[in-house]
Amino acid sequence: MIAALICVVSAAIFLQFFVSYCRAILASSGNIALSDRVREVTGIANQEVGADDFNRLLQLVRLCPERGDDQSEIRAVGTYYGFLAVLNRVSRPLAPGFSVWVEKERKSCSYFAAVALDRRISYSRDLFTQQITDRL
Amino acid sequence: MLGPLDYLIWLVGFLAEIGVVVYLLSRKQVFRHFPIAFYMLCDAFVTCGLYYCVRHFGFDSTTYIYFYYYTDSLLNVLMFWVIIKFYQETFAEMGVSRYIRGAAVMLILLTAVFSYAVVHQNRTHLTSRFVVEIGQNFYFVGVVLTYLLWGAILKLRETRTRLIQLVLALGIYFSADACTYALRNLFPGLEPTFLRWFPPLVGVWLPLAWIYTLAHIQEDARLEPARLMVRAR
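In order, the protein sequences belong to chains A and B. Counting from 1, position 74 in the first sequence corresponds to residue 74 in the working numbering; the numbering is continuous, with no gaps. Counting from 1, position 41 in the second sequence corresponds to residue 1041 in the working numbering; the numbering is continuous, with no gaps.
No wet-lab data here; the hints were simulated from the structure. Hints are supplied without guarantee of correctness; some may be wrong.
Straight-line C-alpha distance at most 20 Å; calculated SDA-like pairs for lysine to any residue [stated by the list, open to error]:
id: 1; chain 1: B; residue 1: K1085; chain 2: B; residue 2: Y1068
id: 2; chain 1: B; residue 1: K1155; chain 2: A; residue 2: R23
id: 3; chain 1: B; residue 1: K1155; chain 2: A; residue 2: Q16
id: 4; chain 1: B; residue 1: K1085; chain 2: B; residue 2: R1055
id: 5; chain 1: B; residue 1: K1085; chain 2: B; residue 2: V1030
id: 6; chain 1: B; residue 1: K1085; chain 2: B; residue 2: S1097
id: 7; chain 1: A; residue 1: K104; chain 2: A; residue 2: A76
id: 8; chain 1: B; residue 1: K1155; chain 2: A; residue 2: V19
id: 9; chain 1: A; residue 1: K104; chain 2: B; residue 2: E1224
Keep in mind the model is a prediction, meaning the values are calculated, not measured.
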């Protein structure tokens, strides 16, 4: 009985901590404006980043050279996005109000991926410039 | 019997634990985060000890089992010290450090007395279900303490991003471990095939999350904790 209670309470608290942890990572990118360059590359020039854009943006991120310091946060947000996708499927018919929140969270994940892409593009440009300078 | 994946998880965990200590040493932040550094160092020593026990006595030996569960309990007591440090940081401006220290000493003494009493009563079957039960209780105390701390952070509108992320990572660690131990108690049959992977993976999570936070989040970074709350509209 006590083990079952501990199991349920711990699982509920785990979910709350996990969501808050991922939101803390997402919050770091929320205030960063996307550059025109990344808007052009991703085709989101005049519109906001959509909830379903995450996987497409992540594929673009993977095409860029790794910066080495963003892998763990991309993985954490990827797990969170997967979790939200499952929640979205379950909650849409059952709780539309909650589904709106899930959609907003998925948009935040996509925006995070766009910011990560922006950083990687800048990093690639810096690398390229450095190589050109070294050759000269 | 342990496979290559077990050793790989051990190695990654060990390197991450040492990584936290080395990072804090290199940034001269060891004294600022002393409980974290000390815990990680002890955890790395315990990992070495576990490896030694497996190599010399075997994975199924009583020596390994005793070493695993005793050191796990000791590490949990050390982790309470880390939590208390987080409490002190959260309540620093209120000047209640003395009371927190007093409460911490009381908590550790109570835990020790409770554990001694339970161990004394169950000494004949310490390595059976009892060790899983006491592990589950220790982790659950950790979950409750971390959850109360998280509540205090939200209530006091603590904005230090680094502290927030360190506490959240700790909450994930404790709740995942408490849940796993409870499931082991409920379904002992799941242990050899499925549940045995969780404690080592969660053990790797904590040093990795902490080293990420310490290395990437600036000391002066600020975050509004209310933004982290789940609010469905």
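(message) Does B/Y1068 sit within 20 Å of B/K1085, going by the straight-line distance between their CA atoms?
(response) violated (26 Å)
(request) Mind checking the alpha carbons of B/K1085 and B/S1097 for me, to see if they're no more than 20 Å apart? (result) Given pair B/K1085, B/S1097 holds - Cα atoms ~10 Å apart, limit 20 Å.
(message) With the threshold set at 20 Å, check whether the alpha-carbon distance from B/K1155 to A/R23 stays at or below it.
(response) This hinted pair holds, its Cα atoms lying about 18 Å apart.
(request) Below or equal to 20 Å on CA atoms is what counts here, so check B/K1155 against A/V19. (result) Cα-Cα ~18 Å, so holds.
(message) Against the 20 Å threshold, does the CA-CA distance of A/K104 and A/A76 hold or violate the hint?
(response) It holds: about 18 Å lies between the C-alpha atoms, which stays within 20 Å.
(request) Given the hint that A/K104 pairs with B/E1224, test it: the Cα-Cα distance must not exceed 20 Å. (result) The given pair, whose Cα atoms are some 18 Å apart, holds under the 20 Å limit.
(message) Check whether the Cα positions of B/K1085 and B/V1030 lie no farther apart than 20 Å.
(response) Given that 20 Å is the threshold and the Cα spacing comes to 13 Å, the pair holds.
(message) Between the alpha carbons of B/K1085 and B/R1055, is the straight-line distance 20 Å or under?
(response) violated (36 Å)
(request) Below or equal to 20 Å on CA atoms is what counts here, so check B/K1155 against A/Q16. (result) holds (16 Å)
Going through the hint list in order, the structure does not satisfy hints 1 and 4.
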